[in-house]
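Undergrad: Protein chains in written order, with the working numbering: chain A, 1 to 629; chain B, 1 to 100; chain C, 1 to 515.
It should be emphasised that the hints constitute simulated quantities derived from the structure, not laboratory data.
Positions of the beta carbon are idealized from the N, C-alpha and C atoms, including for glycine.
Treat the hints with care, as some may be off.
Stated by the list, open to error - Facing chain A, from chain C, some residues (calculated, C-beta under 7 Å):
id: 1; residue: Gly153
id: 2; residue: Ile154
id: 3; residue: Gly157
id: 4; residue: Thr235
id: 5; residue: Gly296
id: 6; residue: Leu297
id: 7; residue: Leu299
id: 8; residue: Ala371
id: 9; residue: Leu441
id: 10; residue: Phe449
id: 11; residue: Asn488
id: 12; residue: Leu491
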Amino acid sequence: MTAMNGMLTLLVLLPLAGFILNGVLGRRLGPVFVNGVGVGLPILAFLTALWAWRTLEAGGGVPIIETVFTWAVIGEHVFEVAFYLDRLSAVMALIVTGVGALIHIYSIGYMRGDEGYARYFAYLNLFLFFMLLLVLGRSLLVLFVGWEGVGLASYLLIGFWFQDVTKARAGRKAFITNRVGDAGFLLGMFLIFTTVGTLEMDRINEAFAGGLIPLGVATAVGILLFIGATGKSAQIPLHVWLPDAMAGPTPVSALIHAATMVTAGVYLVARMSGVYLEAPAASTLIAAIGVLTAFLAATIALVQTDIKKVLAYSTISQLGFMFLALGVGAYGVAVFHLFTHAFFKAALFLGAGSVIHALNGEQDIRRMGGLARRIPWTFGTFAVATAAIAGLPPLAGFFSKDAILWFALASGQGGAAWLWALGSLTALLTALYMFRLLWLVFLGRSRMEPETERHVHESPVTMTAVLVVLAFFSVIAGWFALPHYLEPLLPVPALRFDSALLHWAQIGFAVVLALLGLAAAAWLYQDGGRRGDEAWERFQRLHRMLAGKYFVDELYERTLQRPWRWLSDRIFLRLGDRVLIDGSLHGLAGLARWSAAVFARVQSGSLHWYAWMTLFGLVAVLIWVWRHV
Amino acid sequence: MDNTHLLLAVSGTLFTLGLVGVIVRRNLLVMLMFLELMLNGVLLSLAVFTQLLGVEAGAVLMLLVFTVAAAEIAIAVPILLLLVRAGHTLDPGAYGGLKG
Amino acid sequence: MSEANALNLLLFLPVIGGALLLLLPERRPDLVRGLSMLVLTAQLALAAWLYVQFEAGVSGLQFETRVPWIATWGVHYHIGLDGLNLLLVLLTAFLGPLVVAGAFTSITRDVKLFHGMVLFLQFTMLGTFLAQDLFLFYVFWEAMLIPMFLIIGIWGGERRIYATLKFFLYTAFGSILMLAAVVYLAFTVLSQDGSPSFAIADLHLLELAVPVQVLLLTGFALSFAIKVPMVPLHTWLPDAHVEAPTAGSVILAGVLLKMGTYGFLKLGFPLFPDAAQLATPLIMTLAVVSILYGAGLALVQDDIKKIIAYSSVSHLGYVMLGLVSYNLLGVQGAVIQMVSHGLVAGGLFLMVGMIYERCHSRDLAAYGGLAKLLPVYSVFFMLLTLAAIGLPTTSGFTGEFLVLLGAFDAAWPLFEQGRTYPLALASAAVLGIVLGALYMLRLVRRLLFGDARVPEAGGAELRDLNLREMSILAALVAAIFYIGLFPNDFLQKTEQAVIEYQERVLPARVEEGGP
């Protein structure tokens, strides 16, 4: 169905208007204006998204296509900017604008009094604009515009406090790492264009579903697009930027680096499911990378001491789960986990923000503890979200994570026992590190600095209200049968064995694992983590390895950054430009100068000498003429 | 035919005399005169060949060269005068520093 | 006014302006600036009008003028607009007023001479683009060097003599070879047709043996490759840029470098299609090497101008890559990338000039935290940076995306025939987007972020951009985003000429069985 009523265009343009208004006028017109525009427009965008969704459902779920303008026509190729709303993009748009609007509201309290208040909201609105482009674009090109745009917004917001060099550096690292992924994405896009002749995703899926695309091409496309996804969604080997990205303001971490932007890779793979159905090898790779990322990130999260870093690794780990689901063909399930994760992870991050706010900037969990009674709203919501992510029934994470583990085991498209086993182990670790966090931050005795402790205060109602809403959704989000809702678009894979008994056993086992994690955390960390520390002392080398994040940063520094700098500096600049090119030029110039000096001697200034030369020359000519003519 | 050979011999002699003069004399004014002698030698051969081949253009060329030679002298002598005024000598060796 | 005369007026406006300039007193620099501004603005308006009047989808020249100039040699004064030069003419006219406006306060010595040179340069550059006669082209091509040489040599920095000599020797070396090739072509026409002609359209009809083509292309290509510049003929560029005054850098980066790529597009490849096919692997390799090499060098520079100079090497590598893809996507992308680079690099050089005027240093290490000190400046710098790294919605993206897509599209069929090299090159070129972000963000990080500090010289009276500077940059940024968002109008007007370029070069490919 093609609707030209401009609904989707309006949805996308609302945050852009916020960006422009706040960017140009915000500083001059003050915080009331900034709030009105910066928060009001995202809320309007959410309402528009709801309206769009209602329209979609009223039309029976037939995709709505809205062509805005033609970007370029080259020969027979037409590149259009068009929006495409089906159930998948509707769900994404609702998450983006819904969670986005909530986080905007939260930011009013969190960012109050900051020097760059207007700039902050301008960037946040810019992010929403690009994110909506990303999820609503019909062609890979529009998606890519949004893809790069959210990267830009992320770069700007990570380095929001730009005077701190480490923060500015973290922003740069995020951008560059993403760009590596983008290079893969671009290549994938080019390959699709060359083989299919279009970048419109619905047509690409159709073309691949036609089965005429060679297996090698499909696999290459699948892997290349997935490289793009690993960049944006922080999967191995491009996961290194996300923990550093925590340098940005906490609501940004919640919105961009937990709930929405980092899930873009998941969205991309789900959106391109038509390709991946034809590329089993690429899917297997995704599943393997996903589960490995989930596991390794969870192990790192076990020993982090910065509250936001724990959550960051947890995000990487949960994204790994989503990719695991994608890899075994359970696209709807991946989106389901994306959906639930958006709520509980946003709640966790905003809760962490509330804690940091209460402690006046303290982020080290070793200097927290006993906060439960001092900031009860934050504690309550944080606890609910923790339970949700750990997978305790009947909270949101339980449903989605359980579905992922079940398909990892039973899917007919690459389900395998080792995926399931490693996934389950990760689920146990998840419960362990999340409850460790809960205990160290909120329970036990206080280990705060006395100065900090005196100032502890609950956050303003704009912040706690948002926490409550998010906690509420962390409870109920799992009750929507999202995979079923998406089934017309994203088929559920056939099962290798259809055993209800096995499924129930799997569920029971997962719950046991979560409870086990809870119990272990409670036992190890109930008293400021003394037992936990003692336990780690027995595995010091492992601890160093985990605390050092497997030294991946150092590895990249040594194998990529330094060699490239060395090559540029020593080989390109010093050897190439200065010695070889300029050197040979100067050599030529020197040769010319030297020969000129030699020949200049001939011109002595003595007229008699010149006359003699004339005579010799004449005689020589005469002799030559005599011999030859 | 003999006339031609004779005239060419005279032309060659004039030229050689001029060249030897330029080489051996150390007076700029005299050197200039020998230079003219060389030119005249060349001109004489030009005249001979013009006559021999019967080309009118040769005569025109000769007139042109005469004019140029006259102009040369007209410029060279004042330059010489200025030089002498500055350096008080007619020895070309004193002006070696004028080379480029 | 007939339409063809509008183009003649466009070309000769700077000459008229220059003549009027002579009448003005040396003591009144304000009048000199005002007049130059007026003339160049009028020229821009005229160029814009011509652009609008230019009909898309029509083959051949528009607004054509052809009158005999040196009749015995068959030389004509022959100018005209086609899809290949249209955008570059517009770009040249667009940058003109901005250059003059940018030099309002920075040029205080010999103001009249300076503006005369700028006008002269404008004339010769437009002449080079518009010329449809090889002799005329060569005359403008050479004449262009004189004002550029003087601008760097008179108003340049400390090592300006070294820089001008290097610039001059490089380009003169290329020009000599081109002259030889031009002379050879003229004689060939004479022997084949019986009458001499330098008309580029006539030269297209020549039947040349492949070895001859190779020799002639070598002559042209060396000259063009030096101008582009392609590695390893690029080392004059950083020196010239560093020593040139801002206006010189802007014109150099904005327009002059495009002469090289335009030369390939208009003359080099279409005149010698068989040789072009043979040279394609080499040129493609050099293009990709330029992209990566330039990006690497830009990363290790500490002089802000050098960073941008080397980034030009990298960005023009994309243009060359697009030109040798010989498909619509790639060549159209290359045309857009030329314009885009003119705007972006021109803008960045203007911005470096603005900060240099305030603080008298181009040393990156001396700066930091300008985002705090000069917020408006920083916003513009950021926007230009985004365009330089090819972020979508900017012109840089339009160009790079189409070029890379075109290169890939050309390489893939060859890959399927078992030739992996072109595909490997196209893929390596994609890496350029990572490296581009690397050096530009390093520049931004060191210049705009971190602790706020500036070199001592300017600390006292540091002020943000004034209205004049803001207008210049706003015009540039608007153009950049316009091309990023709505490139279609441009693409439609250039398409016909690009199709003809492709047709002229491509049949050879079929005979040769691929490059």
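Undergrad: All hints, please: hold or fail.
TA: Each hint, compared with the structure:
no., hint, result
1, Gly153, "18 Å, violated"
2, Ile154, "23 Å, violated"
3, Gly157, "18 Å, violated"
4, Thr235, "5 Å, holds"
5, Gly296, "3 Å, holds"
6, Leu297, "5 Å, holds"
7, Leu299, "5 Å, holds"
8, Ala371, "6 Å, holds"
9, Leu441, "5 Å, holds"
10, Phe449, "4 Å, holds"
11, Asn488, "5 Å, holds"
12, Leu491, "6 Å, holds"
When held up to the earlier numbered hints, the structure conflicts with 1, 2 and 3 and fits the remainder.
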